[in-house]
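> The primary structure of each chain is shown beneath.
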Amino acid sequence: MKLVGFMDAAYQRTAPGRKLKTGKRNLIFNLEDLADQIGEKPSRAEVERLVPRDKNQLDLLISSQPGKKHARLWGYITSLAAECATAPLILPFRDYAGLELRRGTIIFQDTSDNSGCHVKNYAESHPDSHSKSHSEIQAASHVGERMTGGKILVQGRAGDYLGQEMKGGGIIASGCRDYAFRNMRGGYGVVRGDAGKFAGLCNCCGRIAVLGSCKERAGWLMSGGSLHVRGDCGEYLGILMSGGRITVTGKAGRRAGWRRKGGSIKAASYGPESAEDLLELG
Amino acid sequence: MDPNQRKISWNWADVWNRSRENWHWPLLPQPRMGISEAEGRGEFPFPNYRITVDQKTLDCGPDYLESLFDHLIVHYIYCPRSLEGAGLLALAALKGLEKPDPQRARCLVNVFTDIVVDSFRLERSSADEEKVLLGWKRLARQGDLAPLDRVVLGFLRDYWGANLPSCPRPEVDLLERIFSPGIRERSLWQRQCRQTAKILEPFLPGILGRGQIRCLEILNGSAKDAPLSYAAGLDVSQFEEVLAVLGLKSDLGGLKRWYRDQSYSIKIQERPRSRRESYPSAPVKWRLTDPVSELDHAYSLSLSPRLIPGVTTYKRGTEIGAMAPVGTAVPDLLVVLDSSRSMQGPKMGTKTHKATLAAFKACWFAHSKGAEVAAINFSEKYISAPWTRNLDLVENVLVEYFSTRTHIPGKAIRELAEERPGCLIICITDTHIQNLYQEWDDIKKASEAGDFVLFCIDQAYRDRHVEEALASLGRVYYINCLEDLVSLVVEVAGRAYCGESFISLE
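Taken in sequence, the protein lines are chains A and B.
Under my numbering, think of the first position of the first sequence as 10, with each following residue one higher.
Under my numbering, think of the first position of the second sequence as 46, with each following residue one higher.
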């Protein structure tokens, strides 16, 4: 007697039942479920280890509402999704989007802009994402933080800490608030409009171009890289800088180059109490 | 008894046996006839005995009854099965709820376990599938279905592919996603239960999910004593909520159980010290170089009529080896616990928490070794438990928290210590004792009567004079890190009751 027959006889097996349809066992239901397993502030490696690189799974997690609690997790998921995607990924604009991005392209679409983008994107398949208010779009901070590659296009005004600690890749935004490209180590950042305070704070490598104007203390403690501003700059431009290049096509505010130890500052004109060894553009 | 009822009871007893046979004769007590919970309290007098069938259920016929019994049996043998499993699901449901409430959590745990149990039965065999669907179709026919029931029925229709009423709500799809990995993976149950609770919370209440959570310990009446290992990871309020979901709220609000269940996970690995001694072995030759006193005349002469040294002379040989430890008297244990305000109260990680946990474990260990235990819990006033073998009594004293000033009751300690000379006195305090010198004589006498071990928690407030004074009492441990307190207390208790010991915290 075969083992199967023996077991059937022993357990008086009747007609076998049907198997229910089952999906993947490692499915993560939502961001809360993910946070339960790895905590609310995990590293990228931990997220990578747990989240399968499956389009449906990533879409499911991106469509969850992260709130403030799971913003970092959501940011990591957007990066993983962009790295897996073959086409640019279009996403709703939220905090920590593109966190530690390595490759791929993410477009954060402004809802007011109906430009003809034909790529297959998240926003098309999730109409809820278009219903975000403009104020929410503007409030998204930490976009592209610690990214090492890839591109991020922000079709709207970014919040604080745009491209903070980025080491590679590039970010193009229509505008940004304070602390843009803080502690930048590489890559490039383009702000097509105005930037807030402290742009390029502690920047030691990489290139920043602001096509509009900057508020005060741009290039503060800068030790390398370049900052180009097409408009005007607020006061204390390049304060305490020790390296790198700052070029301002417009006017610099007062006390430009205050306590500067190195690097170069060029501007069309300077306000009062500026350092003496600054260059004026012809 | 009414003859009609007797006839019916014979029938349903057969059905029960058939159900048990279907599930390979699980060891469950026979159901009893009673009034349904909706109508009133069951006739059966014990509240822990939950398998009660009422007349209304019997009227539904033997097929439905068999399905019901199968369903109940699978609850007891599969999901949630044990109190531990039920507690984990309760915790998950509480986490999933926006407004955590024991009643709602219990209801949602029941709904979740019902889905798991019936999906499991459905997959088992086609006969089981028929029985499962019989019960759900009967529910679907009821006129007073609540939104919760409709959503669950709609989900089961899609999940099982069964002929049940559909429900167009988006929550049905969400539930399908939650159960898409299947129901057989136990490690997923907590996550699935939490998400189920989150999805179904807005639809509460309904017909589904009523009644107690079904698990073996509650059925067998041992739920009060079954340890819940996850207590160590929960704050007391969370733990009480879980107990409330399980319907196990005790008079002391779960605090005693919280400490007790945590102490279960602290293991004391015993290493009794074996003694090495010589013992007599087989006779060996006595030679002229051996002492004359070792010569065994009687034995040698029994083997030969003449004693020829080194030839017919024998002595008793001895060997040295490990012997079983000598049975020693077990010292009784007196625990003196500070519950003043500076001990911070019974919250996770506070001095009170660690001190009480250590005291619980020490008491339990001494008790298990046959010692009698006494306890004093003091602040500005004090309460005490006399020398007893009743651990409950001692634990009731230990869990009290007075939260006033620190006045050590020297006289009470001395009286208890003098009742049991040689007892082990474990005193845990943060040494902000305001009446130390007034009570000094009594404390000194108590330390002379027993083995006094003092654990001073607050290192920052160490006073040189107090330190010198305390050192004369006996052993004093200054605890820099609160985590060490439990280890040290257990170490001391372990050493007193089983020689060498070391502990492992899991």
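Keep in mind that the hints were calculated from the coordinates and are not lab data.
Any given hint could be a false lead.
Stated by the list, open to error - EDC-like cross-link-like pairs, simulated, lysine to aspartate or glutamate; straight-line CA separation at most 16 Å:
no.	chain 1	residue 1	chain 2	residue 2
1	B	LYS489	B	GLU460
2	A	LYS30	B	GLU536
3	A	LYS28	B	ASP203
4	A	LYS30	B	GLU460
5	A	LYS33	B	GLU536
6	B	LYS414	B	GLU536
7	A	LYS28	B	GLU230
A quick note: this is a predicted structure, and the numbers were derived from the prediction, not measured.
> Does each hint fit the structure? Answer for all of them.
Structure-based check of all given hints:
1. B:LYS489 to B:GLU460: holds (12 Å)
2. A:LYS30 to B:GLU536: Violated, at about 54 Å.
3. A:LYS28 to B:ASP203: Holds, at about 14 Å.
4. A:LYS30 to B:GLU460: Roughly 71 Å separates the two Cα atoms, so the pair is violated.
5. A:LYS33 to B:GLU536: Violated, because 48 Å separates the two Cα atoms, which is more than 16 Å.
6. B:LYS414 to B:GLU536: Holds, at roughly 15 Å.
7. A:LYS28 to B:GLU230: The hint holds at about 14 Å.
In this structure, the earlier hints numbered 2, 4, 5 are contradicted, and the remaining ones agree with it.
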